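Enquirer: Here is how the chains run, residue by residue.
2 protein chains.
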Amino acid sequence: MGELVFVGLGLNEESDVSLKGLRKAKEADVVFAEFYTSFMSQLDLQKLEGLTEKPIHVVSRRDLEEEEGKGILDRAKKGKVVLLVPGDPFMATTHVDLRIRAEKRGIRTSIVHGASIVSAAMGLSGLQNYKFGRSVTIPFTEGGTLGATPYNVIAENQMMGLHTLCFLDIQAGEKRYMTIRDALEILTALEKQKQKRVITPSTLAVGVARAGSEKPITKADYVKQLMRFDFGKPPHSLVLPGRLHFMEAEALIMLAKAPKKIREMAT
Amino acid sequence: MGELVFVGLGLNEESDVSLKGLRKAKEADVVFAEFYTSFMSQLDLQKLEGLTEKPIHVVSRRDLEEEEGKGILDRAKKGKVVLLVPGDPFMATTHVDLRIRAEKRGIRTSIVHGASIVSAAMGLSGLQNYKFGRSVTIPFTEGGTLGATPYNVIAENQMMGLHTLCFLDIQAGEKRYMTIRDALEILTALEKQKQKRVITPSTLAVGVARAGSEKPITKADYVKQLMRFDFGKPPHSLVLPGRLHFMEAEALIMLAKAPKKIREMAT
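Read top to bottom, the protein sequences are chains A and B.
Quick note on this note's numbering: the first sequence kicks off at 29 and runs consecutively.
Quick note on this note's numbering: the second sequence kicks off at 29 and runs consecutively.
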């Protein structure tokens, strides 16, 4: 019986893989990897191959989505295959779909979890994880059309006093990575259309850059100021806080250099 | 200048630590660990010490909360200290508090992320992460008093069609770990009080046991059936699905052996 093991690589570089994940890759007959669902900014494929002690076959979005992972599944039908993926597997729908197709073909599947931007960005922000509402992706505007979903999700969460974690779009093929400034510009443009005062120049926001690296940056400020802040290289994420507990305000001041004035907003 | 590095150990056993996390522990002058904020069911302290090549000082809730981590901070003021924690650091408020106190004392802090139950349970359930509303902890009832927060959070999320991830209480000191059955009983008791038809015997729920281990169990079924299902040893988590996309229903059927009838609920 064949076997397909999904191994999460974590956030930033090759040494973010777990000992267990690396052992699974060493034991595998074949190792595949995909790097388009998230961006691991300091990952070096050759170094990763040095660790796994075997060649790594990088698959594309096309291989996984249009071809439905056929190459991987055909191979997994005959032996032990590892698929390395950024972050934690199954945060991307693509991986869940591939897992379902594998199980339907009688291939046993298993998982080695990795660090995910979901918990990393929540944790780095200093905000409490159980006060986050649903999260949302802010996509690049294609042909000038702005999808209103991110704005609506932030508005819904705000109404309930909840924080929103925003994942910023990645077009790995074109090496296009949305920055915090891009995201704030898109949200500001949506504000102009909707006018519900969800994102104003004086709304507090938290930018998180390069989570998982040796030099992540977490900076909280009002939108107007945050748009001018230099977060450096991608990947970036954005958090829109809801109602702040006073301990959360202290965390933003100490850990994200938020203006001390935010104490007045806290309850 | 002193340094305090928070290293996430991941979910289950010593080999869930990342290569980077292990390197940080090896480089440290002193290594502390806490094991009360989550339960790593197969972690062996001696094996972990074998990996870090130095003794690990286990700290208690009392050390971190009542004593405010003074022992760790005094040591970190003078050199490089690593604190090993289950899961991903800063998902527990205790770690955020300790980080703030360290920074206030001029101790540089940094993080090595680990796999978290937040993304692991979402991923194992097969449900889409951006459709999860806020998560909630179900606490043990103390002296028969039922806090209504979990019920209310599930109800709010349901109203919006969103899924709810429930963390189940851990009393590490007494080795008491809430099971999926305990949690469903508490929610059913709350239903009797509130009568909003949030948790009925025919409500669909998903139990996740031992995420991150070699033999995790994910099982979806109606509450009445799920209460009789044997999930085995802790730790357990529980997901209450909101509105199901048809792909999510397929995922629950294939990956969590949900009754095929749930296709009728999907949109």
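Watch out, some of these pointers could steer you wrong.
[To be verified] Only pairs whose alpha carbons sit at most 30 Å apart, straight line, appear in this in silico DSS-like list of lysine-lysine:
| no. | chain 1 | residue 1 | chain 2 | residue 2 |
| --- | --- | --- | --- | --- |
| 1 | B | 222 | A | 75 |
| 2 | B | 252 | A | 288 |
| 3 | A | 105 | B | 108 |
| 4 | A | 108 | B | 285 |
| 5 | A | 132 | B | 159 |
| 6 | A | 252 | B | 132 |
| 7 | A | 108 | B | 75 |
| 8 | B | 247 | A | 247 |
| 9 | B | 222 | B | 252 |
| 10 | B | 252 | A | 243 |
| 11 | B | 106 | A | 159 |
| 12 | B | 106 | A | 247 |
| 13 | A | 132 | B | 285 |
| 14 | B | 132 | A | 289 |
| 15 | B | 108 | A | 75 |
| 16 | A | 159 | B | 54 |
| 17 | B | 220 | A | 243 |
| 18 | B | 288 | A | 243 |
[To be verified] Some chain B residues close to chain A (C-beta under 10 Å, calculated; not the full set):
| no. | residue |
| --- | --- |
| 19 | 148 |
| 20 | 222 |
| 21 | 279 |
In case anyone wonders, no lab produced these hints; they're calculated from the structure.
Remember, predicted model here, so these are calculated numbers, not experimental data.
From the three backbone atoms N, C-alpha and C, an ideal C-beta is built for every residue, glycine too.
Enquirer: With reference to the structure, classify each hint as holding or not holding.
Expert: Hint check results:
Taking the CA atoms of residue 222 of chain B and residue 75 of chain A, the gap is about 57 Å. The hint is violated against a cut of 30 Å. Straight-line distance between C-alpha atoms of residue 252 of chain B and residue 288 of chain A comes to about 51 Å, which puts the hinted pair past the 30 Å bound. Only pairs whose Cα atoms come within 30 Å are accepted, and residue 105 of chain A paired with residue 108 of chain B is rejected, the gap being roughly 48 Å. At roughly 24 Å between alpha-carbon atoms, residue 108 of chain A and residue 285 of chain B fall within 30 Å of each other, so this suggested pair holds.
Between residue 132 of chain A and residue 159 of chain B the CA atoms are separated by roughly 25 Å; this keeps the pair inside 30 Å, and the hint holds. Restraint check for residue 252 of chain A and residue 132 of chain B: satisfied, since their Cα atoms lie roughly 28 Å apart, inside the 30 Å limit. A hinted pair counts as satisfied when its Cα atoms are at most 30 Å apart, and residue 108 of chain A with residue 75 of chain B qualifies at roughly 27 Å. Distance hint between residue 247 of chain B and residue 247 of chain A is unfulfilled; the C-alpha atoms sit about 40 Å from each other, more than 30 Å.
For the hint linking residue 222 of chain B to residue 252 of chain B, the alpha-carbon distance of about 19 Å falls within 30 Å, and the restraint holds. A threshold of 30 Å between alpha carbons decides the hint, and for residue 252 of chain B with residue 243 of chain A the separation of about 49 Å lies outside it, so the pair is violated. A C-alpha spacing of about 35 Å is found between residue 106 of chain B and residue 159 of chain A, which places the hinted pair above 30 Å, so the restraint is violated. Only pairs whose Cα atoms come within 30 Å are accepted, and residue 106 of chain B paired with residue 247 of chain A is accepted, the gap being roughly 28 Å.
At most 30 Å may separate the alpha-carbon atoms for a hinted pair to count; residue 132 of chain A and residue 285 of chain B meet this at roughly 13 Å. A hinted pair counts as satisfied when its Cα atoms are at most 30 Å apart, and residue 132 of chain B with residue 289 of chain A qualifies at roughly 18 Å. A C-alpha spacing of about 27 Å is found between residue 108 of chain B and residue 75 of chain A, which places the hinted pair at or below 30 Å, so the restraint holds. Simply put, residue 159 of chain A and residue 54 of chain B have alpha-carbon atoms about 35 Å apart, too far for the 30 Å limit, and the pair is violated.
At roughly 51 Å between alpha-carbon atoms, residue 220 of chain B and residue 243 of chain A are farther apart than 30 Å, so this suggested pair is violated. Restraint check: the Cα-Cα separation between residue 288 of chain B and residue 243 of chain A comes to about 48 Å, which exceeds 30 Å; the hinted pair is violated. A distance limit of 10 Å between C-beta atoms decides the matter here; for residue 148 of chain B the minimum to chain A is near 5 Å, and the interface restraint holds. Interface hint status for residue 222 of chain B: violated, as the beta-carbon distance to the closest one in chain A is roughly 19 Å, over 10 Å.
For the restraint placing residue 279 of chain B at the interface with chain A, the shortest Cβ-Cβ distance is roughly 6 Å, inside the 10 Å limit, so the hint holds.
In this structure, the hints that do not hold are numbers 1, 2, 3, 8, 10, 11, 16, 17, 18, 20, in rising order.
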